[in-house]
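Take these sequences, add in the hints, and give me the full structure.
Residues per chain, in single letters:
Protein chains: 2
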Amino acid sequence: MSSTATPSELLELSPDAQSLLFREARTANTFTDEPVSDDQIRAIYDLVKWAPSAANTQPLRVVIVRSPEAKERLLPLLSEGNRAKTDAAPVTAILATDVRFFDHWDRLLPYKQGGGASFEGAPEQAEGMARFNGALQAGYFLLGVRAAGLAAGPMAGFDKAAVDAEFLPDTQRSLLVVNIGHPGPEAWFDRLPRLEHDEVVTTV
Amino acid sequence: MSSTATPSELLELSPDAQSLLFREARTANTFTDEPVSDDQIRAIYDLVKWAPSAANTQPLRVVIVRSPEAKERLLPLLSEGNRAKTDAAPVTAILATDVRFFDHWDRLLPYKQGGGASFEGAPEQAEGMARFNGALQAGYFLLGVRAAGLAAGPMAGFDKAAVDAEFLPDTQRSLLVVNIGHPGPEAWFDRLPRLEHDEVVTTV
Chain A
1 MSSTATPSEL LELSPDAQSL LFREARTANT FTDEPVSDDQ IRAIYDLVKW APSAANTQPL
61 RVVIVRSPEA KERLLPLLSE GNRAKTDAAP VTAILATDVR FFDHWDRLLP YKQGGGASFE
121 GAPEQAEGMA RFNGALQAGY FLLGVRAAGL AAGPMAGFDK AAVDAEFLPD TQRSLLVVNI
181 GHPGPEAWFD RLPRLEHDEV VTTV
Chain B
1 MSSTATPSEL LELSPDAQSL LFREARTANT FTDEPVSDDQ IRAIYDLVKW APSAANTQPL
61 RVVIVRSPEA KERLLPLLSE GNRAKTDAAP VTAILATDVR FFDHWDRLLP YKQGGGASFE
121 GAPEQAEGMA RFNGALQAGY FLLGVRAAGL AAGPMAGFDK AAVDAEFLPD TQRSLLVVNI
181 GHPGPEAWFD RLPRLEHDEV VTTV
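Sequences listed follow chains A and B, in order.
Heads up: the first sequence begins at 1 in my numbering, then just goes up one per residue.
Heads up: the second sequence begins at 1 in my numbering, then just goes up one per residue.
For the record, the hints were derived by calculation from the structure and aren't laboratory data.
Among the hints, a few may not be true.
What the hints assert, rightly or not - Derived SDA-like pairs: lysine to any residue, alpha-carbon spacing no greater than 25 Å straight-line:
| no. | chain 1 | residue 1 | chain 2 | residue 2 |
| --- | --- | --- | --- | --- |
| 1 | A | 112 | B | 189 |
| 2 | B | 85 | A | 203 |
| 3 | B | 112 | A | 200 |
| 4 | A | 71 | A | 185 |
| 5 | B | 160 | A | 115 |
| 6 | A | 160 | B | 105 |
| 7 | B | 160 | A | 117 |
| 8 | B | 160 | A | 127 |
| 9 | B | 160 | A | 105 |
| 10 | A | 71 | B | 197 |
| 11 | A | 85 | A | 34 |
| 12 | B | 85 | B | 158 |
| 13 | B | 112 | A | 24 |
| 14 | A | 71 | B | 202 |
| 15 | B | 160 | B | 171 |
| 16 | B | 112 | A | 23 |
| 17 | A | 160 | B | 159 |
| 18 | B | 85 | B | 37 |
| 19 | A | 160 | B | 204 |
| 20 | A | 112 | B | 159 |
| 21 | A | 71 | A | 32 |
| 22 | A | 160 | B | 55 |
| 23 | A | 85 | A | 32 |
| 24 | B | 112 | A | 79 |
| 25 | B | 85 | B | 199 |
| 26 | A | 85 | B | 111 |
| 27 | B | 85 | A | 201 |
| 28 | A | 71 | A | 184 |
| 29 | A | 112 | B | 193 |
| 30 | A | 85 | A | 197 |
| 31 | B | 112 | A | 191 |
| 32 | A | 160 | B | 131 |
| 33 | B | 85 | B | 171 |
| 34 | B | 112 | A | 197 |
| 35 | B | 112 | A | 26 |
| 36 | A | 85 | B | 108 |
| 37 | A | 160 | B | 123 |
Given below as C-alpha cells:
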C-alpha cells in the first residue's frame, strides 16, 4: 500500500460503486416521469435486507405510495416545500419502524427462543430499539435506492402523527418520507459542506 | 429489461459491490491480528460523509479505540459476551451522536443562517434529531467499513451511560460499538433469516 494512496484507493469498493452510492449521488429535488417499477423496489429490498440490525430485529417497514389517490392523501401531510417534488416523483416511500418487531423474534433469532417476551412490559425500550434500528435500516434503504440507479429524495419535513394515522397500522411509526425516481431538470442544490475528518473522528 | 431478470440484475450496482456491502458481508465475531490503519479509517469517513442527513446536520461522531489502555477502559463496559471479540479486534469504534449538532448549523446549512438557534430551547427535539440522523449515519458507517474490505462487528450490548461518561464529551451519546478488522477463524454464526418482501413492503 503506497503512502501516496488516496482515500478512494484505500477502499476495496470500486470507484464506480463509490460514486454511485456516495460521492456523486445526490438528493434529488425534481423527477422525470420515467416510472419506477415494483420489481425495482423488490430488488432494492432484496439487497438491503442483508445489512445488519441489532439482534436481527429488522423493524423497518416501507409503504410505497404509488397511486394518484394515495399521493393525494400524502401531499397535504408534508411541509409545503416538499409537496411539488413529491407530486412529481413516480413513487414515494414512507419508511417506518414497527414497535412490535419482537412479534417475529422467535423466527428471526431462533437461538434465543422467547427472548422477545421481555419487551411486552417495556414499551419505551421496545420503541427505542425500533427507532434506532429502523433508522439504521433507513440508511441502508437510501443507499439501496442509489444502488438501483435511482435518485432518492429523503424528507424529514412532514406531520408524523398524521402520516402514521393515514398510512400505518397502530404498531408503526413513520421515520422518513423518500421520493424515488430519475432526476429531472435542475434536480440538485449546490453540494453542502461536510464536516472534516478531525471534527468527527478521534482516536484514543 | 427482461421479465426474467433477477433482483440483482435489476440493480446498477455491480454484483461484486453487492456482495462486498450486502450479500456476502457478515457481522464478524472473531478477528485476526492484522492491523487496521488510521488511513483506512480516514478513507471510510471520506466515503460515508457524503451520504445524506436531514438538513445536512451530520451528528455522527466516532471514537476509534485503538490503544491497549483505552481498550482496557472499554472492555468492562460491554456485555460479557462482547468482551473477548472486542479484545481481539485491532480497533473498536464507538459511534455516537452530538446533541449540539446545531452549533455547526450556519456552516453546514449556509442558506438557512441562524436556523440552528431554534434548538437552543428544545433539547428533546435536538436529541431526537441527533439520535435519528446519527443512527442513519451509523448505517452508512457500517457499510463504509465493508467498503474498505474490512469486517464490522456492531454491538448494542454495552452500558451506554458508562461509555458516555468514560469516552465522550457531555454533548455526545453513544449509539453503537463496532469492532473493525479482518475476520478470524469461525468468524460467523449461521446466517439468520430475513423478513420476506411482502412482510416489509406494501404498495398503495
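A quick look at each hint next to the structure:
no.	hint	result
1	A:112 with B:189	13 Å, holds
2	B:85 with A:203	19 Å, holds
3	B:112 with A:200	22 Å, holds
4	A:71 with A:185	22 Å, holds
5	B:160 with A:115	21 Å, holds
6	A:160 with B:105	24 Å, holds
7	B:160 with A:117	23 Å, holds
8	B:160 with A:127	17 Å, holds
9	B:160 with A:105	24 Å, holds
10	A:71 with B:197	22 Å, holds
11	A:85 with A:34	14 Å, holds
12	B:85 with B:158	13 Å, holds
13	B:112 with A:24	24 Å, holds
14	A:71 with B:202	14 Å, holds
15	B:160 with B:171	14 Å, holds
16	B:112 with A:23	24 Å, holds
17	A:160 with B:159	31 Å, violated
18	B:85 with B:37	19 Å, holds
19	A:160 with B:204	18 Å, holds
20	A:112 with B:159	21 Å, holds
21	A:71 with A:32	16 Å, holds
22	A:160 with B:55	17 Å, holds
23	A:85 with A:32	10 Å, holds
24	B:112 with A:79	16 Å, holds
25	B:85 with B:199	33 Å, violated
26	A:85 with B:111	19 Å, holds
27	B:85 with A:201	22 Å, holds
28	A:71 with A:184	19 Å, holds
29	A:112 with B:193	13 Å, holds
30	A:85 with A:197	33 Å, violated
31	B:112 with A:191	14 Å, holds
32	A:160 with B:131	16 Å, holds
33	B:85 with B:171	29 Å, violated
34	B:112 with A:197	24 Å, holds
35	B:112 with A:26	19 Å, holds
36	A:85 with B:108	23 Å, holds
37	A:160 with B:123	19 Å, holds
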